[in-house]
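Asks: Residues 10 to 197 (the working numbering) are what the sequence shown spells out, left to right.
A few of these clues could be false.
Each computed DSBU-like pair below joins lysine-lysine, with the alpha-carbon atoms no more than 30 Å apart [unchecked claim]:
1) K169 - K111
2) K148 - K91
3) K91 - K126
4) K111 - K91
5) K152 - K169
6) K169 - K157
7) K138 - K91
8) K91 - K41
9) K148 - K169
10) K169 - K138
11) K126 - K169
12) K152 - K126
13) K126 - K33
14) K111 - K148
15) K33 - K138
16) K126 - K111
17) K169 - K188
18) K126 - K41
19) K148 - K41
20) K138 - K111
21) K148 - K33
22) K138 - K188
23) K138 - K152
Label pairs and their calculated CB-CB ranges [stated by the list, open to error]:
24) E127 - P34: 16 to 22 Å
25) A105 - T144: 21 to 27 Å
26) I40 - K157: 38 to 44 Å
27) G147 - K33: 20 to 26 Å
28) F164 - S38: 19 to 25 Å
29) Y155 - N128: 16 to 22 Å
30) G37 - G114: 28 to 34 Å
31) S38 - A191: 33 to 39 Å
32) S168 - T144: 15 to 21 Å
33) H150 - I40: 34 to 40 Å
34) G37 - S146: 18 to 24 Å
35) E127 - A191: 24 to 30 Å
36) S149 - K169: 21 to 27 Å
37) S177 - I40: 37 to 43 Å
Just so you know, these hints were derived from the structure itself, not from any lab.
All C-beta atoms, glycine included, are put in the ideal place defined by N, C-alpha and C.
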Amino acid sequence: MVSYSRDQKLRRDYNMIGSGWMIKPVAGSNIKFFGIPSRSSTPAVTPISLDGANGTFLQGKKALEPELDFNSYIFEVFPDGKQMITTSGGYIFDDAVSYNGKPAGDGYAFTCFTFDKENNQILGGTANKTIEVFTVSGKSHVKTYYPKLVPVRIFIIHSKLVVIGTTSPQQFDRWGGPKTVAIEFIDL
Numbered sequence: 010m011v012s013y014s015r016d017q018k019l020r021r022d023y024n025m026i027g028s029g030w031m032i033k034p035v036a037g038s039n040i041k042f043f044g045i046p047s048r049s050s051t052p053a054v055t056p057i058s059l060d061g062a063n064g065t066f067l068q069g070k071k072a073l074e075p076e077l078d079f080n081s082y083i084f085e086v087f088p089d090g091k092q093m094i095t096t097s098g099g100y101i102f103d104d105a106v107s108y109n110g111k112p113a114g115d116g117y118a119f120t121c122f123t124f125d126k127e128n129n130q131i132l133g134g135t136a137n138k139t140i141e142v143f144t145v146s147g148k149s150h151v152k153t154y155y156p157k158l159v160p161v162r163i164f165i166i167h168s169k170l171v172v173i174g175t176t177s178p179q180q181f182d183r184w185g186g187p188k189t190v191a192i193e194f195i196d197l
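Starting from the given sequences, assemble the full structure and let the hints guide the process.
Replies: As C-alpha cells, then:
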C-alpha cells in the first residue's frame, strides 16, 4: 500500500496485515500485539510486532487449533503481556502462541474477559449471566457474580464491576456483538 506524507512531501510504502483484524496491544510495549482476524473461516491467534526501523508489521507463528472456535471479540491480553485468553472455553496462550491451559472447570461459555490487577484475578463473563472469577497464577475458581445481563464487555472502575451486556445470549454470533446493550454496575 502507498501513502503520501504532505509534511515531508514524500511517498511512503507500508505494509498492512489485512483488514478485519481485532488487535490488542501488549502492556508495556509499543511494538507488540496479539491479533485475531474477525472475518476468516479459520481465525487463529497471531503475535504481531512492529519493526521500528521501517514501520512494517511482522507476523509470528499462528496458533492453529482447529478444534477451538477463535472469536475476535472474545480475547484479552494479560496485564504482564506474556499471555492472552480467548474463545468461549477460556483457552490461554503464551506469547509464542503455545497453549497454556484454561481456568478451572468446564461448561463455561465465556463472552468476554477482563483482569483485576489489584487482586491478580481473571474475570470472565458467560452466556449464562454469570461472571466467573479465577486466580491468574493457579487458574482456580474464586467466586461468581450474578449480573442481570449477559456480559458483552466487563471492566473495573473505582471498585465497581461495570457490565455492558444484553438480555439474551442469542444476540451473539461469531461476527459481532449484539445490536442493543445495557449497562450494569456491581459492587466488588
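Asks: Take the hints in turn and mark each one as holding or not.
Replies: We went through each hint and held it up to the structure:
1. K169 - K111: holds (25 Å)
2. K148 - K91: OK: K148 and K91 at ~15 Å, within 30 Å.
3. K91 - K126: holds (14 Å)
4. K111 - K91: Status holds; Cα separation ~15 Å.
5. K152 - K169: The given pair, whose Cα atoms are some 15 Å apart, holds under the 30 Å limit.
6. K169 - K157: Given that 30 Å is the threshold and the Cα spacing comes to 15 Å, the pair holds.
7. K138 - K91: Holds, at about 29 Å.
8. K91 - K41: Given pair K91, K41 holds - Cα atoms ~11 Å apart, limit 30 Å.
9. K148 - K169: holds (22 Å)
10. K169 - K138: holds (17 Å)
11. K126 - K169: Distance ~14 Å between K126 and K169 Cα, so the pair holds.
12. K152 - K126: Distance ~16 Å between K152 and K126 Cα, so the pair holds.
13. K126 - K33: holds (17 Å)
14. K111 - K148: Answer holds: K111 to K148 is near 7 Å, not above 30 Å.
15. K33 - K138: Holds - the C-alpha atoms of K138 and K33 are around 25 Å apart, at most 30 Å.
16. K126 - K111: Holds, at roughly 18 Å.
17. K169 - K188: holds (25 Å)
18. K126 - K41: Holds: K126 and K41 sit about 20 Å apart, inside 30 Å.
19. K148 - K41: holds (25 Å)
20. K138 - K111: holds (20 Å)
21. K148 - K33: Holds. K148 to K33 sits at ~22 Å (cutoff 30 Å).
22. K138 - K188: Since the Cα atoms of K138 and K188 sit roughly 18 Å apart, the hinted pair holds (cutoff 30 Å).
23. K138 - K152: Measuring from Cα to Cα gives roughly 14 Å; hence the hint holds.
24. E127 - P34: 16 to 22 Å: holds (21 Å)
25. A105 - T144: 21 to 27 Å: holds (23 Å)
26. I40 - K157: 38 to 44 Å: Taking Cβ atoms as reference, I40 and K157 lie about 41 Å apart, which means the hint holds.
27. G147 - K33: 20 to 26 Å: 24 Å Cβ-Cβ, so the 20 to 26 Å window holds.
28. F164 - S38: 19 to 25 Å: Once the Cβ atoms are compared, 21 Å apart, the range 19 to 25 Å for S38 and F164 holds.
29. Y155 - N128: 16 to 22 Å: Cβ of Y155 to Cβ of N128: about 19 Å, so the range 16 to 22 Å holds.
30. G37 - G114: 28 to 34 Å: holds (30 Å)
31. S38 - A191: 33 to 39 Å: The hinted range 33 to 39 Å holds for S38 and A191, with Cβ atoms some 34 Å apart.
32. S168 - T144: 15 to 21 Å: 19 Å Cβ-Cβ, so the 15 to 21 Å window holds.
33. H150 - I40: 34 to 40 Å: The hinted range 34 to 40 Å holds for H150 and I40, with Cβ atoms some 35 Å apart.
34. G37 - S146: 18 to 24 Å: Since the Cβ atoms of G37 and S146 sit about 19 Å apart, the hinted range of 18 to 24 Å holds.
35. E127 - A191: 24 to 30 Å: holds (26 Å)
36. S149 - K169: 21 to 27 Å: For S149 and K169 the Cβ distance comes to about 24 Å; the hint holds.
37. S177 - I40: 37 to 43 Å: holds (40 Å)
Hint violations for this structure: none, all hints satisfied.
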